[in-house]
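Got chain A; can you put chain B on it based on the hints?
Protein chains: 2
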Amino acid sequence: MSSRTLDFFFEPRSIAVIGASPNALKGGNALIKNLQRGYSGSIYPVNPKYVEIEGLPCFPKIAHIGAPVDLAIVFVSAHLVPEALRDCAAGGVKGVMIQSGGFAETGKKGRDLQETCRQISAENGMRLWGPNCMGLVDGRRNLVFSFLNPAMWEKGLTPGDVSLIVQSGMLSAGFLIDLMSHGTMGVSKVCSIGNKVDVDECELLEYLVSDMDTAAVALYLEGISKGRAFLDVARRSTRPIVVLKGGKSPRGAQAAMSHTASLSGDDRVVRGALIQAGIVEAKDFKQMMDLSRALAMASEGMRPGGVAVLTFSGGAGILSADFLTNHGMDVAILSGETCRRLEAFFPPWMPVANPIDLWPAAELVGGAEAYRRAVEVVMDDDNVNVLLLHAFAGGFRLDLGLEALASVSKHKGKPIFFWLLGMHDEAMAFQRRAQSLGMPVYRELSRAVEALHAVCCHGTRGPEMAVQNPPEPVPVEIRSALQEVLGSTPPVDGPLDEFESKKILSSVNIPTVQEAIVADSTQALSTAQRFGFPVVLKGLAQGKIHRTELGLIKLDLFNRKQILLAFEELIDRLEGAGRVLIQKQIKPDVELICGMIRDRQFGPAVMFGVGGVFAELYEDIAFRIAPLSRRDALHMMDSIRAKPLLAGFREKMPIDRDKLAQVLTALGWIGLEAPRVTEIDINPVAVVNGKPVALDATVVLRQPNE
Amino acid sequence: MSSRTLDFFFEPRSIAVIGASPNALKGGNALIKNLQRGYSGSIYPVNPKYVEIEGLPCFPKIAHIGAPVDLAIVFVSAHLVPEALRDCAAGGVKGVMIQSGGFAETGKKGRDLQETCRQISAENGMRLWGPNCMGLVDGRRNLVFSFLNPAMWEKGLTPGDVSLIVQSGMLSAGFLIDLMSHGTMGVSKVCSIGNKVDVDECELLEYLVSDMDTAAVALYLEGISKGRAFLDVARRSTRPIVVLKGGKSPRGAQAAMSHTASLSGDDRVVRGALIQAGIVEAKDFKQMMDLSRALAMASEGMRPGGVAVLTFSGGAGILSADFLTNHGMDVAILSGETCRRLEAFFPPWMPVANPIDLWPAAELVGGAEAYRRAVEVVMDDDNVNVLLLHAFAGGFRLDLGLEALASVSKHKGKPIFFWLLGMHDEAMAFQRRAQSLGMPVYRELSRAVEALHAVCCHGTRGPEMAVQNPPEPVPVEIRSALQEVLGSTPPVDGPLDEFESKKILSSVNIPTVQEAIVADSTQALSTAQRFGFPVVLKGLAQGKIHRTELGLIKLDLFNRKQILLAFEELIDRLEGAGRVLIQKQIKPDVELICGMIRDRQFGPAVMFGVGGVFAELYEDIAFRIAPLSRRDALHMMDSIRAKPLLAGFREKMPIDRDKLAQVLTALGWIGLEAPRVTEIDINPVAVVNGKPVALDATVVLRQPNE
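Chains as they are written, first to last, in our numbering: chain A, 606 to 1311; chain B, 606 to 1311.
So here's chain A without its partners, still in its complex pose (with noise of 0.2 Å):
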């Protein structure tokens, strides 16, 4: 479907209100009188007890209107919400917008309620937009069609052009007031989008990043319904994109579940979701639109790169250093050259790096002087792809000349960020200065920074990146072995054993331990000999996964008479209940582990870390969702904090990350082509001479016949 069909929610060209009233105390005044600030379309109150309202003729019904009605805002009681639905339908209203509450969030029979609308809705071709929101106000427009008090837009929107989807209602209208009054940042579309009965965060969010008043779009997000979906909306997006997620703590998830009947999913496959699809993560509200600013700001070819700091302060400076390290952030060297020119107007006793601590210049030449000379001089440094300006506004004498640079930033295509102290009107004109002239401003320093970075991260991701890094799709040849082996596969409903899971493996080119089942112990040293010493014996039964604690593992077997022991110790243990499998005994450089499961939002998704009791201790693994690119794949082993020891630590061999994203490619593989397997855990991938093998696996399937 279209995105551009939503457009009679967004540029509707009549609006009816159904629930409108004379009441000033009432929310159905509220919308009227919202309508009449800005909205330049026809209005048309509907209410079976009014004749007039705020100076509108009003409707009994929608069919009284006698005039096409785009968009239908209904606000009565919920009960009542079913047979104006079916009023719309038939009046021809191509959308409504339900901002009444007391459907799906008061349980039970509000979720029979809300089934009854979206059935509806989806009988009669009308989109639903709602319930249990506060609707949508457009800052560029001047549009607010929302219940919300009048009082609020009395000082005027702020026209901007960043949008916002916020699923709670409460806090859509409480940020943008809080934003609107602030006047330092302003908005284009606000979608509040309550219980999502019909549209939803990804569709909107495919209207948005093609909507030419939009530069980014941010998301506080209880849950997202259809994640893959929304994932491919993200990584087509030319716009930069911020999320907020709620609900990640197991305390907050609980929350979320009784809040919105939303699915959280697990914490680590969003982050991972969100940072394969290009999407900057927020941690907070404030920062969720701190960041969105500077993103909507940022020039499209903007190279991420060095940072040169330039400051009045040094304290800050270092402090400034510290914060671009944490967030893996180069501080650019300063070239020989860049230095010679900025040492021509510091005191000769003054050493010259970055950060520059320009005071002692400007006690020579002038602040305002001092800072454009070394802007002047920075700029041509090819070391250097981004600025951060220590600012001061009012009281120092810095007028900083803020139009030319802009125009310098723009020219050389190196953005300039701020970090900005001062006197509170004097700050708050340099900052809406600065911003209308494409230069973010921040009042803290951590959080310029943190924009800094969201900035240059942003500039490595986009459409291009996406075609250049397609997802690798299943192989013909791997497919067809896959679906050979499952076929061949018994029909259990629960973990298959590690041959019968490394086979599936194998299947998709997986590498596996030299391994074989053995039906005798003639058979088990016969093999041991082919194999070669030490090996491995262990027993296979149905069920039994403590193995380790069961004795059914037998490790170091150098000779004929320990593998003889082993094979019957290991015969007697399973008790005529399973079998015995003899593997080649390898000593890991490094132990990895990956694994498949599904997840309630995103669907297949590939999970890697370190094995042993680390990767549980520092939760350092990394999720992305199937099918990877290769990018994803490396990035994925990038992104994990023990990848030193992938590198070769400690005068091991480097892994081969080729083979190592292979395996990970492959894993989602298998979740997308097989739906019964639901879960894949490879716990140890050794590593040896840099190459990885499964050592051990257990593959998880459910019944076949669901």
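The hints are all genuine.
You can't tell identical chains apart in this list, so a pair holds if it fits in one copy or across any two.
Straight line, CA to CA, 25 Å or less: simulated DMTMM-like cross-link-like pairs of lysine to aspartate or glutamate:
#, residue 1, residue 2
1, K1159, D1177
2, K1257, D1161
3, K631, E1031
4, K1257, D1301
5, K1248, E1221
6, K760, D1004
7, K1108, E1077
8, K1159, E1256
9, K631, E968
10, K1248, E1224
11, K714, E968
12, K1192, D1261
13, K638, D1030
14, K1248, E1196
15, K888, E1224
16, K1257, E1224
17, K1015, D1004
18, K638, E1031
19, K714, E948
20, K1192, D1161
21, K1257, D1225
Keep in mind that the hints were calculated from the coordinates and are not lab data.
For chain B alone, coordinates are given in the frame of chain A:
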């Protein structure tokens, strides 16, 4: 030295300004004008060129004033400062504040000049503040002892009860003006200390923590001059202390060197030291002030414990729970009684749980009433010790009755923190009013939780805690045992061998593995029989530290033949230069690293972490400054992320925490008692059946004659 001796800086009865000027563009003029605006003592401009400045008689030299001068503020070119100091000394001036720059921060010549100043003041018993600083501002007494532009104080100073010590001059000014003009936070004494040639952060901290006008102290420092003394002051303080330490990343530290010639020290040592002294560590400038103002408001008797979140938005409630959990804080589980009382005014479909979404109740009984009743109920719940209230100022008719809230909060001893959204002016007014009633307000949710966390943590410190947990002094018998061993230790300048190292550890009762030096293979064999098999043989030789690589460690010796062969080989590899050590071979359940280093700022510091590559990879180590209290040692174990390993991970026996605490404490004793020992590594400390044992160790000595 009693801190009261600094009164002549903070409350001088008379002030001379050396370098006073009638030129309104000069700092020497600003100094006079700033004094005139609020200082009620005598002001004496000093400058041989003028007879009158700003209506005051001007003196050519201090000697001409003819009245006692408590404080002289010097603002003349650096090379003229020594002469001015001599004049001050001759005139009986008690304290001099040098605000001029051009000293140690400018290289060799400036350093010499600064040293001259130090000598003059030391010889004359006259105290020096600065040089290269912005002086002092007192928001409560309305005093500005600074050359900063008088325009900055035009709107007046906002009095508050947080005092500041700031090393960086420009920063202290920027800060102050930013804070003042925003009106949501006031200050008491703001001290810009510059190069601190005499008066330093330690002495000022001591002064401020007993200052009646100061409820909390915040410090921005690039280096801590007298680390141990600083910690002692902090430990004894009843006032909360917040420190922001600049110069952490390698690049940051580099900048610190060239900025104030200050030493940065090891970030991790600093962190440990701050924790140990109960100091809150800040991350950023604004955040430091945000935490300080909460700490200044916090009632001293506050108990840490469960947090109740009251919100107008389920989404914000979820995120609050996330933030609290991430800070390791409890989201309180409401008692049954509390739930019943809440349900009385909630709609029946609403399951009441913490975080408490008040919106559904607000729709029934009104917003203000819902908040009022919910606070009343929650305050009675013994599971709740702190309240986090989400508020909205303006627009929603949510007048919260702040006086009543503050009163119930004080009565119950349960602090209230606010996260506030809202319209700009209304929000400002709300914040001022709430804070004047002792309830801190934040505009960013995560910041509100950070502040709440800081206040709760502070509740567990203070002088009472210090008395209950004194550092463990070195027992007399340990001291003599240690000195005896050191007396017989070879006069090495560098690492001692493993055997000599462990003799030192044993002398302070650190358990070590059973081991002996063996002269020949016969002795090796008889010792092995005594220890029990398997054993380890190690070749010890001066300077051969990579023993594994040199083949000097022989593990897994199970029988006579293996011992004889191994002994032969070691003798061969040692080439007559060393000796052979035999050890009982131990299989540790867990391996730890413990150590001691000498920090430039804090002296002997004890290190603790898990063994193997992971402590290094995840930087999961903790430091504390010697001497350690038992609580310090236990807290150190709890502070590493790998702490579950100590509690009996995967069916191992939990570690004997007391025994491990003794090891850590004893390492500190060596640092305190033996200045020759520069470094100790016990790597690993093996844990076997819960008991720690030093398996391998290196003690590094420096030249005895040093």
